[in-house]
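Protein chains in written order, with my numbering: chain Z, 1 to 152; chain U, 1001 to 1328.
Hint data in this document are derived by calculation from the structure and do not stem from the laboratory.
Each hint should be verified, as a subset may be incorrect.
[To be verified] Derived CB-CB ranges, DEER-like:
{"no.": "1", "chain 1": "Z", "residue 1": "ARG47", "chain 2": "U", "residue 2": "LYS1308", "range": "54 to 64 Å"}
{"no.": "2", "chain 1": "Z", "residue 1": "ILE17", "chain 2": "U", "residue 2": "PHE1328", "range": "47 to 57 Å"}
{"no.": "3", "chain 1": "Z", "residue 1": "ASN130", "chain 2": "U", "residue 2": "PHE1187", "range": "51 to 61 Å"}
Keep in mind it's a predicted model, so treat the numbers as computed, not measured.
Note that CB positions come from ideal geometry on N, CA and C, so glycine has one too.
Single-letter residue listing:
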Amino acid sequence: MGGYFSDIFNGSKSLLIGMGITFREFFKPVVTVQYPYQTIKMSDRFRGHIELIADEEGKPKCVACGMCERACPSGCISLNSISVETEVDGKVKKKKVLSKYDLDFTKCSLCGQCVENCNFGAIEFSKEYNLASSNKEDFHFNLLKRLEERNV
Amino acid sequence: MSLTVLNVIVAVVIAIGFAALNAAYLVWAERRGAARIQRRPGPNINGPFGLLQPPLDGIKLMTKQIMIPGGADKILFMVAPVLAMAPAIMSFVTIPFSENIVAHNMDIGVLMIFAFASMGALAVLFAGWGSRNKYAVMASVRAVSQNISYEIPMLITAITVVMITGSMDLKTITSAQAGGFWHWNIFPSLHSPLMPLSFILFFICSLAETNRAPFDLGEAESELVAGFHTEYGSMGFGLFFMGEYANIVIGASLTTILFLGGWDCPFGLFPGVWWFLLKIYLLIATFIWIRWTFPRTTIYGLLNLSWKILIPLSLFNLLLTAGLLKVF
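Put together the whole structure using the sequences plus the hints.
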């Protein structure tokens, strides 16, 4: 019988302590990020889709060697180059210039082999994570065009 | 004659309006309150402070198709949501909001409200049985056993109050508590020293009667999908939801009338409907606060609480009050 009343007493006490906790929490500030209006900074090692890096002139650093294309296990990357003749110090030099850099992000597994294999530091992971679409074509990125758009 | 009919129609329209408005905005208050306790902002996009959320939810629910599962008992399935909402609205008719604001005062108001409240269990049973769903049947069995167990201590506690006042008329019960908070039934008097205890008993029972957390075993969304209203979509679900909140308002009003002096002001200033509304909304805020604090009990814990603690305590309180009323 003594246990009966002490159970009721202790039970009620613990309920009141619980209510005290929620009462205090009620008046504390909000801790969640209000997503569409606020975003958090992605960490340094976050892997989005890849993006070309520009040099000082805004041109891609890429020399079109094709190492990333060969390294990619999923075959997401396809790039092309054209030869452009330029005059440097009176001599005509042939130079490969990137003409197309397409990424098929639907196949990408974000392994990072392309970034690892790039000897010129020309590609990086973007911090883009708002990628949602019902259209497959939206994930076929033309990275050259994206770079131009970023330069503007 | 025609004036009486008009009176009834106006009263019912006001009761439906009040119930619907409360149901809609208590959902908003509940969601905001829950969010604050969990340190989120809650619905705040539609309109200022998210105040347009309830009407938009209502439009969404009303434009949805009513789906009746195959093999369901169609009549019971369609009757259940109406039966959940209608008794709650009927109970509003006899609740005195203030000295003059009452649709129809009855000599047996307490009895009438309890009679209508017990129909809520029937709605849950019909919904569970009619929708031909295992989870729904299980939930309705639980809810009915819960309702039966908690009606007993609730009624015994109400009888204690009725004995002290000597009336079942809600208006008389309120008037008997007029003139300052020390006259309220919640405070111990010579006749009934255990009144604060009966207030707590009554409050716990009204939580359980409205199937609210921590006693929401009829719904139990983590175990039984959505309990008795698993198969309901569109406004069928909406009516269950509104019925639940209307029942909360009824429970809070009844607690206010029986224990907190109804429209009486605690220190004798301007008694009126505002004090009544203030009291019921404070009680409803406590309902919401409790819901978002405690986890759901088990069915055994729930029934043990009623049969081993609430019923003996309320019976003891009844006998003590009866004895003291005889002595003094």
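Cross-check of the supplied hints:
1. Z:ARG47 <-> U:LYS1308: 54 to 64 Å: With a Cβ separation near 58 Å, ARG47 (chain Z) and LYS1308 (chain U) satisfy 54 to 64 Å, so the hint holds.
2. Z:ILE17 <-> U:PHE1328: 47 to 57 Å: violated, 38 Å
3. Z:ASN130 <-> U:PHE1187: 51 to 61 Å: For PHE1187 (chain U) against ASN130 (chain Z), whose Cβ atoms are near 59 Å apart, the range 51 to 61 Å holds.
Hint 2 from the list above is the single one not met by this structure.
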